[in-house]
Structures are given as structure tokens and as C-alpha cells.
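With the hints as extra help, turn the sequences into a complete structure.
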Amino acid sequence: VFKYSEPGLLTWLAQKSNIPIISPEPDETKEIQYLVSKGFSVPQIMTYYFGRQMYQWLKRDYKNHADWKPYAERNIQSYAKLQPLSAEKLGLKKVLLMYQEVTGVPFNKNDEKLLYSLSDPTSNPVSAASGVFRDISLFAAIKADWVANKDVFALYGSGHAIVLEKAIKSLK
188 VFKYSEPGLL TWLAQKSNIP IISPEPDETK EIQYLVSKGF SVPQIMTYYF
238 GRQMYQWLKR DYKNHADWKP YAERNIQSYA KLQPLSAEKL GLKKVLLMYQ
288 EVTGVPFNKN DEKLLYSLSD PTSNPVSAAS GVFRDISLFA AIKADWVANK
338 DVFALYGSGH AIVLEKAIKS LK
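Note that the sequence shown ends on residue 359 in our numbering; no numbers are left out.
Think of the hints as simulated: they come from the structure by calculation, not from any bench.
Please read these numbers as outputs of a predicted model, since none were measured by experiment.
The beta-carbon is built from N, C-alpha and C at its ideal position, and this holds for glycine as well.
Be careful, since some hints might not be right.
[Unchecked claim] Label pairs and their calculated CB-CB ranges:
{"hint": "1", "residue 1": "W333", "residue 2": "S273", "range": "31 to 39 Å"}
{"hint": "2", "residue 1": "L245", "residue 2": "D332", "range": "32 to 40 Å"}
{"hint": "3", "residue 1": "D332", "residue 2": "L269", "range": "24 to 32 Å"}
{"hint": "4", "residue 1": "S357", "residue 2": "L283", "range": "42 to 50 Å"}
{"hint": "5", "residue 1": "V319", "residue 2": "Q202", "range": "27 to 35 Å"}
If you want it as C-alpha cells, here you go:
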């Protein structure tokens, strides 16, 4: 079983070769603040994060975490510590109410179509805004290392590669 997919393999190979690695993922607090600044509500933001994580659970993580509730609770608690979400006193029950408020239907762990749409930037504006913020962070990290004459190898989904291709080519 490939528990950590490509990022895990890349990390393992880099460690075996003493190659330093970084993750250009943005600070989650800054990402949440960005989403709030774009006018998204806490229920919209949490429904996006929850839906994205539960889609991942449905597609793969259920193999290692058979019970979705503790899996979801751990995920929610990681967000519950961040600003401005910490003021909401988030828990599974509250997030499930937010989910129903935003989607109009109760949570169904097997609703692959809805869970996918929550993480799809073409159907969810919160996902699209999150992607933009992540692209900005990714490009800033690539540019900083490129300017410092470092070799850069990035492992990201095709959506990020397509969006950033022109900007990265401009660094030559």
C-alpha cells in the first residue's frame, strides 16, 4: 500500500540522498485569513476543508481509518486551533451543521459527487480562492530558490502546473 503517494516517495528519496526539501504550502492561518478577506464565511470555509478531507477519506484514507468520525474530528481539531476559526469552538457536530447549511443537505460520507464538488475549484469558489492563494505561495517559493540559483523540483498537481507555467517560464 502506498500510504503517502508521490510526496512520500519524493521525501524518502530526497532523505536517502541528503537532498533538502521544503514544502511551499502556505501557512494555514494566512490562507484562512485570505479566504475571510475574500468574503467567505466560516461555514463556507469549513465546509470546503471538511468536504475536501472527507473526499480524500472516501477515495483512499478509509483504508487506514475505517471509522470516518474520529478521522473527521482529528481534521476539524487541527483547523479549530487556527485563527479566526478558533473563536468558533469547532467540533464535528458544529461542522456537520455548517455543512448542511452550506450544501443544503445533511452530510453523507458516501456522497462522492458532492464531496468532489466541494473540493473542485470549478464548482466551489472557496476552493478556487484557496487554489489561488496556494499558487501565490508556491510561485514565491520557487522564485526565491530560482533567484538563489538553487535547483528546483516541484511535485504538484497539474492544475497548479498549468496555472504557474507562464510565470515560471518568465524566470529564465
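Hints, verified against the model:
1. Checked against the hint of 31 to 39 Å, the pair W333 and S273 passes, with Cβ atoms roughly 36 Å apart.
2. Taking 32 to 40 Å as the suggested C-beta distance range, the pair L245 and D332 conforms, at roughly 35 Å.
3. The given range of 24 to 32 Å is respected by D332 and L269, whose C-beta atoms sit roughly 27 Å from each other.
4. One distance hint, 42 to 50 Å for the beta-carbon pair S357 and L283, holds here, with the actual separation near 45 Å.
5. A hinted range of 27 to 35 Å for the beta carbons of V319 and Q202 is consistent with their spacing of about 31 Å.
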